[in-house]
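J.: Please model the complete structure; the sequences and the hints are all you need to start from.
Protein chains: 2
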Amino acid sequence: MATYASMDKNALKEELETLSGSYENYKAQGLSLNMARGKPGAEQLNISNDILLAITKDTNFKTADCPDCRNYGGLEGIEEARRLFGEMLGVDKKNVFVGGNSSLNMMFDTIACMMELGNSGEKPWNQQGHIKFLCPVPGYDRHFGVTEYFGIEMVTVPMTPTGPDMDIVEQLVSSDASIKGIWCTPKYSNPQGITYSDETVRRFAALEPAAKDFRIMWDNAYAIHDISDTPDTLLNIFDELQKNGKEDMVFEFCSTSKITFPGAGVAAIAASENNLNTLKKRYTYQTIGYDKMNMLRHFIFFKDFDGVLAHMQKHKAVLQPRFNMVTDTLERELSGLGIAEWTKPNGGYFVSVDVMEGCAKRVVELCKEAGVVLTGAGATFPYGKDPKDSNIRVAPTYPPIGELQIAMSIFCVCVKMAALEKLLK
Amino acid sequence: MATYASMDKNALKEELETLSGSYENYKAQGLSLNMARGKPGAEQLNISNDILLAITKDTNFKTADCPDCRNYGGLEGIEEARRLFGEMLGVDKKNVFVGGNSSLNMMFDTIACMMELGNSGEKPWNQQGHIKFLCPVPGYDRHFGVTEYFGIEMVTVPMTPTGPDMDIVEQLVSSDASIKGIWCTPKYSNPQGITYSDETVRRFAALEPAAKDFRIMWDNAYAIHDISDTPDTLLNIFDELQKNGKEDMVFEFCSTSKITFPGAGVAAIAASENNLNTLKKRYTYQTIGYDKMNMLRHFIFFKDFDGVLAHMQKHKAVLQPRFNMVTDTLERELSGLGIAEWTKPNGGYFVSVDVMEGCAKRVVELCKEAGVVLTGAGATFPYGKDPKDSNIRVAPTYPPIGELQIAMSIFCVCVKMAALEKLLK
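Chains A and B are the protein sequences, given in the same order. What the first sequence shows, in the working numbering, is residues 263 to 687, in sequence order. What the second sequence shows, in the working numbering, is residues 263 to 687, in sequence order.
Simulated from the structure, these hints should not be mistaken for lab results. One or more of the hints may lead you astray.
When chains are identical, the list treats them as one kind, so a pair holds in a single copy or across two.
To be verified - Quick list of in silico lysine-lysine cross-link-like pairs, DSBU-like style, CA-CA up to 35 Å:
#, residue 1, residue 2
1, K542, K474
2, K630, K542
3, K543, K650
4, K630, K355
5, K543, K385
6, K289, K324
7, K508, K647
T.: In structure tokens form, the structure reads like this:
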């Protein structure tokens with residue numbers, strides 16, 4: 263098929279008319295489909311239902327370092343849970359702090375702690391005047407939300423197929439002491455599904471920040487969330503940092519939100535002893551401890567890290583056909599038209615689509631009118647502003663698979679219509 | 263028995279010698295007893311074990327306003343849980359926000375929110391320079407910890423048998439705009455077990471603060487935690503506030519920590535629409551939502567508020583004999599000596615003992631050497647400083663009842679020894 267750019271006006275008009283016909287047909291169906299957020303679907307949730315039966319009448323509530331998980335205490339979480347997360351992230355259990363049901367909450371609290379207490383002997387961030395954070399784009403809207411909430415200026419850094427553009431990261435971080443951190447989703451990044459290359463991880467671990475209190479927020483949300491038979495691997499940043507004596511430079515986050523239940527999982531932080539000590543200066547006032555029964559429930563259900571990995575194969579079995587359907591549909595409907603590019607990730611929760619510049623908002627609007635809710639255009643950029651108005655995050659996990667197929671067909675129609683509208687202007 | 267003050271030196275010395283003999287006998291037993299924290303004991307925890315079986319293979323995860331409790335979403339908590347807490351606190355469910363497992367965490371986050379965002383159109387607290395909080399004393403050490411963490415100066419107000427001294431509260435609050443709030447445990451206060459009188463609640467609800475952004479932190483931790491057959495009743499502060507059009511003046515907190523499991527309960531805030539809107543400006547960045555499965559588990563287990571009340575009767579059956587043993591022992595061992603006073607609460611988790619001035623630290627030290635851990639002397643005052651060195655918080659709930667009896671006997675010996683040591687100086 264010819265690219266749209268190479269077609270004459272009449273051909274474009276004809277194409278738009280045909281598409282508008284299909285579009286009106288879809289609209290008439292009064293659909294209500296949602297590809298907005300990275301929510302597991304019902305089929306995935308069902309995989310973990312037995313965790314709810316993990317605790318029985320015979321359960322012993324005593325664990326390695328907790329006399330009774332039902333009671334108060336154990337600020338850092340039970341040892342069994344710290345060990346399990348440690349295995350997932352490749353760090354010792356002494357470097358793991360297990361929290362509540364939300365890694366986002368732990369990231370928020372970590373930034374709050376830096377704002378209020380600071381680190382590395384520097385003043386608290388909220389006493390340092392104007393400070394900044396680097397935000398690889400496109401990225402995760404909730405990361406940007408946290409920095410925006412705390413009034414931290416966000417500076418964008420472009421993503422490349424191997425991670426953030428490290429030339430830019432190194433240049434900015436080493437020259438500007440007001441840059442206090444960077445958000446990273448190093449494996450199967452949100453939304454592109456990019457895994458940082460070994461070189462990228464090594465360059466992160468070798469950063470020479472102008473700010474002593476610079477911190478990498480390493481959100482390893484999709485550490486074991488493969489959807490392909492050729493999964494990506496991510497270098498262990500703690501190992502690399504240790505080689506350079508820089509293990510204080512990172513906070514790593516993860517959770518079981520997309521392993522067991524999004525609303526009722528367990529989240530954790532991995533960090534150096536210094537960093538954990540700083541965080542605990544705040545946590546010790548904030549709470550007596552997080553829900554150890556839910557930690558215990560998870561531990562009993564999984565038994566060990568092999569149990570977690572086996573469980574992830576079940577998610578993969580559900581997700582692989584969905585992601586294939588999404589990328590196959592994009593390929594079939596849009597390839598060769600010169601109006602869109604997309605990723606084909608080996609894991610994670612999203613497919614990132616770059617539509618023709620200036621068309622993302624229009625695509626989202628057209629979809630919405632036809633009953634398909636997408637993540638808002640711009641959401642993958644700080645302040646919701648995509649300078650090219652081009653990136654759209656597609657989340658294939660939540661709708662039933664039949665609906666996903668219809669939603670993707672509508673999406674492709676809308677991507678084409680928006681491009682045609684623009685070319686015909 | 264004669265008061266110690268009326269005895270001559272020789273009689274005092276003789277008494278001290280006798281007591282020292284008993285004390286050494288206790289010491290020789292190498293005991294390890296703990297009356298430090300208000301932790302429910304194993305017998306109480308067992309009462310709630312069936313909540314762990316509340317969710318079964320047949321459980322429907324869909325609730326009134328939540329399509330699937332396992333998934334993301336529902337920032338304010340499921341409607342069923344909001345209604346249940348609303349009944350407990352006497353407010354509409356629309357005024358309830360249900361959180362994670364810790365009301366302390368919700369109080370911490372509320373203060374953080376006021377620091378960062380402020381309220382009532384005033385500047386955030388952290389932009390107002392030096393600010394203060396009123397702290398009725400003796401009070402709850404973790405309340406004081408939160409204010410101390412945020413650098414808020416604490417001003418003490420004496421407790422009376424009807425609540426904080428309201429003459430002082432009114433005078434300070436109406437004259438000093440740097441006073442931004444007050445900590446209250448209005449029912450079965452920690453540590454004295456005092457319930458605020460109707461007049462006290464009405465005076466709180468009629469406060470005319472100099473600071474528009476003044477807030478009452480109403481920690482209703484023991485709302486339904488009776489231990490006597492003549493329980494106290496607390497006036498509903500929201501009703502009183504509404505009469506005065508001042509419903510923005512309070513944040514009320516509660517949890518099921520001492521109803522089901524301390525480490526795995528559910529906490530909630532009740533607040534006016536304005537206040538909830540302010541809190542949600544922060545929560546919406548902090549988390550996608552709290553553990554709805556644990557909310558659902560609680561709802562299934564209790565069914566309704568009558569179920570909660572019936573459940574509390576089981577706690578009462580465990581606690582009543584323990585509190586009786588504590589106050590009976592105090593009565594038997596210390597009454598008439600003129601060296602100690604104590605409360606006899608109708609509910610809550612503590613008995614507050616005022617020993618002879620200047621003796622609290624020594625009592626705690628003597629107890630510790632004999633293997634009985636008490637809450638640190640001074641802990642019931644801001645900055646850990648009891649000006650009279652007199653108040654000790656006794657927590658009768660945690661140790662097995664046999665151990666409690668021994669611990670109380672040792673405690674009374676130590677109270678007497680410390681008084682004698684002082685009188686003999």
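J.: Which holds for K542 with K474 at a C-alpha limit of 35 Å: within a copy, between copies, both or neither?
T.: both (20 Å within a copy, 33 Å between copies)
J.: Regarding K630 and K355, is the shortest C-alpha distance of 35 Å or less found within a copy, between copies, in both, or in neither?
T.: Cα proximity of K630 and K355: across copies only (32 Å, versus 46 Å in one copy).
J.: Reference check for the pair K543 and K385, CA-CA at most 35 Å: within, between, both, or neither?
T.: Both. Shortest intra-copy (15 Å) and inter-copy (27 Å) distances satisfy the 35 Å Cα cut-off.
J.: Is it within a copy, between copies, both, or neither that the alpha carbon of K508 lies no farther than 35 Å from that of K647?
T.: Cα proximity of K508 and K647: one copy only (34 Å, versus 40 Å across).
J.: Using 35 Å as the alpha-carbon threshold, which applies to K630 and K542: within, between, both, or neither?
T.: For K630 and K542, only the inter-copy Cα distance (27 Å) is at most 35 Å; the intra-copy one is 45 Å.
J.: At most 35 Å between C-alpha atoms: does K289 with K324 qualify within a copy, between copies, both, or neither?
T.: Answer is between: at 29 Å across copies they meet the 35 Å cutoff, but 57 Å inside does not.
J.: Should K543 paired with K650 be assigned to within, between, both, or neither, using CA atoms and 35 Å as the limit?
T.: For K543 and K650, the Cα distance is within 35 Å only across copies (29 Å; inside one copy 43 Å).
Every hint, counting from the list given before, is met by this structure.
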